[in-house]
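The numbering of the sequence shown is our numbering, which starts it at 43 and goes up by one.
Errors might be hidden in some of the hints.
Claimed, not checked - Here are the simulated DMTMM-like cross-link-like pairs (lysine to aspartate or glutamate), alpha carbons at most 20 Å apart as the crow flies:
no.: 1; residue 1: K79; residue 2: D109
no.: 2; residue 1: K259; residue 2: D269
no.: 3; residue 1: K325; residue 2: E82
As the list claims (entries may be wrong) - Just the calculated beta-carbon pair ranges, DEER-fashion:
no.: 4; residue 1: N267; residue 2: D109; range: 46 to 52 Å
no.: 5; residue 1: S323; residue 2: T76; range: 16 to 22 Å
no.: 6; residue 1: N111; residue 2: S323; range: 19 to 25 Å
no.: 7; residue 1: K271; residue 2: G204; range: 21 to 27 Å
no.: 8; residue 1: T50; residue 2: H71; range: 31 to 37 Å
Derived by calculation from the structure, the hints in this document are not laboratory data. Beta carbons are placed, not taken as given, at the ideal position from N, Cα and C, and that holds for glycine.
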Amino acid sequence: MKKPPYVTDKALKQFIKNALEEDIRDGDHSTLSTIPKDLEQSAKLLVKQDCIIAGVELAKIIFKTFDKNLKIEAFVKDGEAVKIGDVAFIVTGSARSILSTERLVLNCMQRMSGIATLTHDWDSRLVGTKTKLLDTRKTTPNFRICEKWAVAIGGGTNHRYGLYDMIMLKDNHIDYNGSITNAVKMAKDYIKKNKKKLKIEVETRNLEEVREAINAKVDRIMLDNMDIKMMKEAVKMINGSCETEASGGITRDQLKEIASTGVTYISAGALTHSAENMDLSLKAIK
43 MKKPPYVTDK ALKQFIKNAL EEDIRDGDHS TLSTIPKDLE QSAKLLVKQD CIIAGVELAK
103 IIFKTFDKNL KIEAFVKDGE AVKIGDVAFI VTGSARSILS TERLVLNCMQ RMSGIATLTH
163 DWDSRLVGTK TKLLDTRKTT PNFRICEKWA VAIGGGTNHR YGLYDMIMLK DNHIDYNGSI
223 TNAVKMAKDY IKKNKKKLKI EVETRNLEEV REAINAKVDR IMLDNMDIKM MKEAVKMING
283 SCETEASGGI TRDQLKEIAS TGVTYISAGA LTHSAENMDL SLKAIK
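Turn these sequences into a full structure, and let the hints guide you.
Below, the structure is given as structure tokens:
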């Protein structure tokens, strides 16, 4: 699948550089002390748990970044369903290079596959509806690129990537500022003054705030921690004048009922903060 726009060569290079530096520092001494420099071997990525695989493309980039001479033969693609016993890929080349990159590849793929699997499961509950599933910024610091990429691989839709690519006026912004009306006006003035192309989303907690957000003419209204009855009323009030987003403590079992209210999006931090790592292993081929 095509990489999301935030998965750039520059961003990946920086992520991989920092991750390898964290792990290796002045050398992988376990490997350097026991594995001959010229020894070449192969290893297979073994699937030990049924899942949606994610991180295959990233694994290729990690291996090639560390050692351009490593060869990777992939048997599955990101986003495919795999079963216990499947081999995702075989990597061949310097045994030292394989061992030094093994844990970084596994850490990324296990986490990404867990997120992709959970996202796929949740997204399947929305089949037949027009509502899209969004992630949030509840991600692991310095690992967001992989976690949001995994959501996309799993069939979800990425929300804003960070604080820079959308204006989201949440409860604390409103409470500090005084009102939705004033905060939105200031945000629009800021966009105009700084010549930015940014959408504005406002978080609302009740129907009174929804009405105020409608009058302020924003791009999206978040319906935060509302019950189904209030959410239906809010969507009816908004009447398609802007996008709507249900958020706040969303669970898998609620998805269809929430989608039935007609919201444009459902955002769930659980996709990234509560996903279980999948069991994958890199095994030497003897």
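Quiz item: So which hints don't hold here, by number, going up?
Solution: 2 and 7
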